[in-house]
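Numbered per our numbering, the sequence shown finishes at 487, counting up by one with no gaps.
The set of hints was computed from the structure by calculation and includes no laboratory data.
Computed from a predicted model, the values in this text were never measured in an experiment.
Keep in mind that the hints are not guaranteed to be accurate.
Below, computed lysine-lysine pairings styled on DSBU-like, alpha-carbon distance capped at 30 Å [as the list claims (entries may be wrong)]: (1) 176 <-> 289; (2) 289 <-> 151; (3) 95 <-> 154; (4) 290 <-> 27; (5) 176 <-> 290; (6) 290 <-> 350; (7) 21 <-> 154; (8) 151 <-> 176; (9) 21 <-> 350.
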Amino acid sequence: MPLKEEIKQSKAKGHQDWRNKYALRLKVVDAGVVVWAVAGAYGVRFGFSDISAGGATDVDYFLLSIVLVIAWWLMLGFWGSREARVLGSGSEEYKSVLASSAWLFGFVAVVSYAVRIDTPRGFVGLAFPAGTLGLLAARWLVRQHLSLERKQGKSTSRVLIIGGTHSAAHLERSLKSAPAAGYLPVATHIAGETFRATDMEAPLTGIPTDFDSILSVILATNVDTVAVSAGVNLHPHDLRRLGWELAARDIGMILAPALTDVAGPRIHTQPVAGLPLIHVSTPKLTGGKKIAKRTFDIAVAGLLVAFLAPVFLVLALLVRVTDRGPVFYRQERIGLRGTTFSMLKFRSMKVNADPELNALLAAQGSSDTPLFKIENDPRITPLGRIMRRYSLDELPQLLNVLGGSMSLVGPRPQREGEVALYDDAAHRRLYVSPGMSGLWQVSGRSNLSWEESIRLDLYYVENWSLIGDVVILFRTFKAVFASTGAV
Numbered sequence: 001m002p003l004k005e006e007i008k009q010s011k012a013k014g015h016q017d018w019r020n021k022y023a024l025r026l027k028v029v030d031a032g033v034v035v036w037a038v039a040g041a042y043g044v045r046f047g048f049s050d051i052s053a054g055g056a057t058d059v060d061y062f063l064l065s066i067v068l069v070i071a072w073w074l075m076l077g078f079w080g081s082r083e084a085r086v087l088g089s090g091s092e093e094y095k096s097v098l099a100s101s102a103w104l105f106g107f108v109a110v111v112s113y114a115v116r117i118d119t120p121r122g123f124v125g126l127a128f129p130a131g132t133l134g135l136l137a138a139r140w141l142v143r144q145h146l147s148l149e150r151k152q153g154k155s156t157s158r159v160l161i162i163g164g165t166h167s168a169a170h171l172e173r174s175l176k177s178a179p180a181a182g183y184l185p186v187a188t189h190i191a192g193e194t195f196r197a198t199d200m201e202a203p204l205t206g207i208p209t210d211f212d213s214i215l216s217v218i219l220a221t222n223v224d225t226v227a228v229s230a231g232v233n234l235h236p237h238d239l240r241r242l243g244w245e246l247a248a249r250d251i252g253m254i255l256a257p258a259l260t261d262v263a264g265p266r267i268h269t270q271p272v273a274g275l276p277l278i279h280v281s282t283p284k285l286t287g288g289k290k291i292a293k294r295t296f297d298i299a300v301a302g303l304l305v306a307f308l309a310p311v312f313l314v315l316a317l318l319v320r321v322t323d324r325g326p327v328f329y330r331q332e333r334i335g336l337r338g339t340t341f342s343m344l345k346f347r348s349m350k351v352n353a354d355p356e357l358n359a360l361l362a363a364q365g366s367s368d369t370p371l372f373k374i375e376n377d378p379r380i381t382p383l384g385r386i387m388r389r390y391s392l393d394e395l396p397q398l399l400n401v402l403g404g405s406m407s408l409v410g411p412r413p414q415r416e417g418e419v420a421l422y423d424d425a426a427h428r429r430l431y432v433s434p435g436m437s438g439l440w441q442v443s444g445r446s447n448l449s450w451e452e453s454i455r456l457d458l459y460y461v462e463n464w465s466l467i468g469d470v471v472i473l474f475r476t477f478k479a480v481f482a483s484t485g486a487v
């Protein structure tokens, strides 16, 4: 099939300039939420009556509300929360919403104090949290709609990949594995190399390395984004010139370094002789970060234990009545820095089920892998299957969290026999406290391979953030209620 025809057929269904459409949608949603929050706070505080502030400066609070709405809406755009690069996946969009809102209200507080404007604390105290939470909820809903569109091939960026054979193939696989990001590889240009990776699916446009040939390929493929991967056989001056040409044609340019699984907060750039050197900071969960994570764990786990106390009681009675055995199951697991602790669960298996594990693993052929998982485990009781489907058997681990041996979010704690099979990379899972939930649990629950699970766990260990924990917890609730691949 001719190259142009092959690329044309790969064109996304309903392809259009989705960026402008989506940005307009966000502008309307943001305006609606901000007006709702400020008007609601105004109505609660003032009752929609004409009220002026006394003091050093008289202020028309209705006018102040209008200014606040406009400033908040503009700040969301200024902070980049509507840029295409942060939409669809990751937490940067939510961070931008939080940062822009916090800076705006911090500015209001400073100005009010400096010029002695008597801004009612009740008004600000209602508008700020209501608007911020409303914006986050609205952005999440809009993102879900965008995700559905992208699964249908809509609202995507058509991408031409330029690079070395192996790096281009890796970039293609990575982009296709994350459809929520909205990048659709439609062609690959292997600059200067004469062979192609066998797992590369996008059409190959050729191997010329001269600037004019590459620019012609870009224009012929009708892409709106060019992704330059590591190992590209191009002179730095040609790359800079390529950036100029793409910017003039409103085509985006992405540089994908060989470094993988490193989050934005750990990456810093330093210009040296015109080169943007990338510094990668060492991951550390110490000091203030450690205190923040522990405080968050205690607060949330304490609230959940208090709220779910009736559920604990009902499940305990059901386990006891249906099986006549012990309510709790205790098992030694490996935790922070290789220490051993006793992990709690509601018992979901028959009494004395552990001695049968090795025989079942051997029969399944899984005894030599670190991720032990028995398919259709015959030891599980009927009640246990129901509890496991919705992860109810793991609720007692909230007590482990309160005791400090576990965290709400972290790598899953494993048995000593499983840890004995770790390689050097897998041992890095033990740098943080094990968690009730984690990245791999919400990314595929028990359906992921060991290699993919360890990659996600290491990403969490090396890129921890408190807001990341919050996002994982919300995704955990969604995965549990959907009961997808429960362990």
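Earlier hints that do not hold, by number: Hint check: 1, 2, 4, 5, 6, 9 fail, others pass.
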